[in-house]
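The listed protein sequences correspond, in order, to chains A and B.
Its first residue numbered 1, the first sequence is counted upward by one per residue in this note's numbering.
Its first residue numbered 1, the second sequence is counted upward by one per residue in this note's numbering.
If you're looking for bench data, these hints aren't it; they were derived computationally from the structure.
Residues on chain A that point at chain B, a partial pick, calculated with CB under 7 Å:
hint, residue
1, P14
2, V138
3, S144
4, Y154
5, V271
6, L290
Don't be surprised by glycine CBs; every beta carbon is placed ideally from N, CA and C.
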Amino acid sequence: MMGYILRRLLYVVPLVLGVSLVVFLIFDSGLLGDPALSQLGKYTTAEDKAQLKHDMGLDDPIVVRYAHFVGRIASLDLGRSSEYHVQVSEMLARGIGPSLSITLPAFLIATTIAVSLSLICAAFRGGPIDRGVLVAAVALMSVSSLVYIIAGQYLLAHRLDLFPTEGFSRGPDAWRFVALPVLIFVFLTIGPDLRFYRTAMLEEIKQDYVRTARAKGVAPSRVLFVHVLRNGMIPILTRVVVELPFLFVGSILLEKFFNIPGLGGITIQGVLSNDMPVVRAMTFIFAILLIVANLLTDIAYTIADPRVRLS
Amino acid sequence: MTDAAPVVVKGVSLWSDAYRRLKRERLAVVCFFVVVAYVVIALMAKGGQAVNALHASGKVGDGAKSFADAVLFAGYEAKDNEQSEKPPSLEHPFGTNVHGQDVLDRIANGAGIAIVLGMSVAAMAVFIGMLLGAAAGWFGKWVDEAVVWLYSTVSSIPDVMLMIGIAFMFGRTFTSLLIAMSVTYWVGVCRVVRGEFFKLKERDYVLAARALGFGNARIMFAHVAPNVAHILIIMFTLLFVEAVKAEVVLSFLGVGLSNEPSWGIIIQDAENELMRGQWWQMTFTSVALFGIVLALQVFGDALRDALDPRLRH
Chain A
1 MMGYILRRLL YVVPLVLGVS LVVFLIFDSG LLGDPALSQL GKYTTAEDKA
51 QLKHDMGLDD PIVVRYAHFV GRIASLDLGR SSEYHVQVSE MLARGIGPSL
101 SITLPAFLIA TTIAVSLSLI CAAFRGGPID RGVLVAAVAL MSVSSLVYII
151 AGQYLLAHRL DLFPTEGFSR GPDAWRFVAL PVLIFVFLTI GPDLRFYRTA
201 MLEEIKQDYV RTARAKGVAP SRVLFVHVLR NGMIPILTRV VVELPFLFVG
251 SILLEKFFNI PGLGGITIQG VLSNDMPVVR AMTFIFAILL IVANLLTDIA
301 YTIADPRVRL S
Chain B
1 MTDAAPVVVK GVSLWSDAYR RLKRERLAVV CFFVVVAYVV IALMAKGGQA
51 VNALHASGKV GDGAKSFADA VLFAGYEAKD NEQSEKPPSL EHPFGTNVHG
101 QDVLDRIANG AGIAIVLGMS VAAMAVFIGM LLGAAAGWFG KWVDEAVVWL
151 YSTVSSIPDV MLMIGIAFMF GRTFTSLLIA MSVTYWVGVC RVVRGEFFKL
201 KERDYVLAAR ALGFGNARIM FAHVAPNVAH ILIIMFTLLF VEAVKAEVVL
251 SFLGVGLSNE PSWGIIIQDA ENELMRGQWW QMTFTSVALF GIVLALQVFG
301 DALRDALDPR LRH
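Please take these sequences and the hints and turn them into a complete structure.
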């Protein structure tokens, strides 16, 4: 098992290098667009531009530039925001809190509901309850996330005045601003989650050990909650861990609509104000979080499921 | 024993079997025709845009233009301040927006953008994924390692961020979105095709083809590829939905199209109108989007069940 984990750890190195290469190709190579453009104002002369390009090291050969880029990343220098002239890392540190205050409760609520419903579906598979829940899940998934957010904001905040329309507070009254985004987030994620967990539970309920448990007279509810749920935890765990990085970054759309200063909101602000260093840093950070999450999933797998260790 | 007449069991091909199964799912058939209707509307809108372009360059007369305005949703850009923000009526079934533009025309043109982009993205992603996946699965060794590294790297960057990043740098054009989404979505196809090729290259028919002296390319594309065709079709429908949804979100966020009636942009415009109580633009656009996504999703699920024998119980 240690050998496997070690190999898996080593595989992170080429992945991080790969991500840095992709990020470099997108943002700094000049293949897709001019990296100096976002630093320039509207009225700049050709000389200013040439000077800036020289200062940014854009005259160097591409290999040298990539090496510089990797060097900066390795020293954790994500660059300065061209809009706010502060270190991007400072902006990120301030954004994590607001993002988590929405995604974390929403994620816990959505996962609890989705897992419970998936167990109910598995218990009554093929019946009207199962079909009804499934149809509802597909219908929920087919509505664009934009529509949920706009409709929720319009009806619940604007018309009925149950929640503030937008904004955020870092104090104890934060829950007022957070409640509606959390509610919408739950609606957004519950459809796909439910479909996934239901498939996982149905996969387990077909297994021989379930028939054995039934045959020896174990109560149906015990079979469901103890036997099936426990074994179904493995695919659930995978999905949960893979969703973790998205919790940190938050929902880009939600944060934009509700004007919440989280990481997602910062990203979109960066896009709209043409702030390339911020967008680049967010892309990179996001990828690193996902790599770490995948690594944790694989390690959790080897601990939870002995079959993985052998192969 | 006398010679009995040989019993001939007529084989059922995957395709005819799948067609039979699909036909039995009534909901899926309905959804298929809904998708067809959207495609027809999209093509009509694209035709209307072509007439507009021809009219602007003086190649067709006013008669063709007024026909296109009436039937092909070509009047989507015509502004009329007298008609600003009118609720649905006989003349404007979906109402008008703040510039007095007909919402129905704009939604039809939005369908044109969403569907043409969705299909192009799905086709590109399936093509790239198929080529790389086939090469990885077939040749193994360093080719496989290189492809696996490539798709692990790309899939380490979350889809939204990768698309935002590419579209952000490339600019707000159709090509930009096509590149951003194709670069993102080929990964899923590649993974599945690679796995299938790994499995299929051990089959006897591959050995037989080798014995006949056929080259790698011929065996890969003439013999093995038809056996993954059903997977490619499934992936195509899945990616089609994804691309339609993604286009709306990206355009809305300001990295997608601009100055075109994309559904994302219509929704963005409609947000302010909704706050003033004008529901029609938002409602009809959302319903249009909901319709195609739901239809594609239900049809795609039925198609997968019909085509993928492993999922049959």
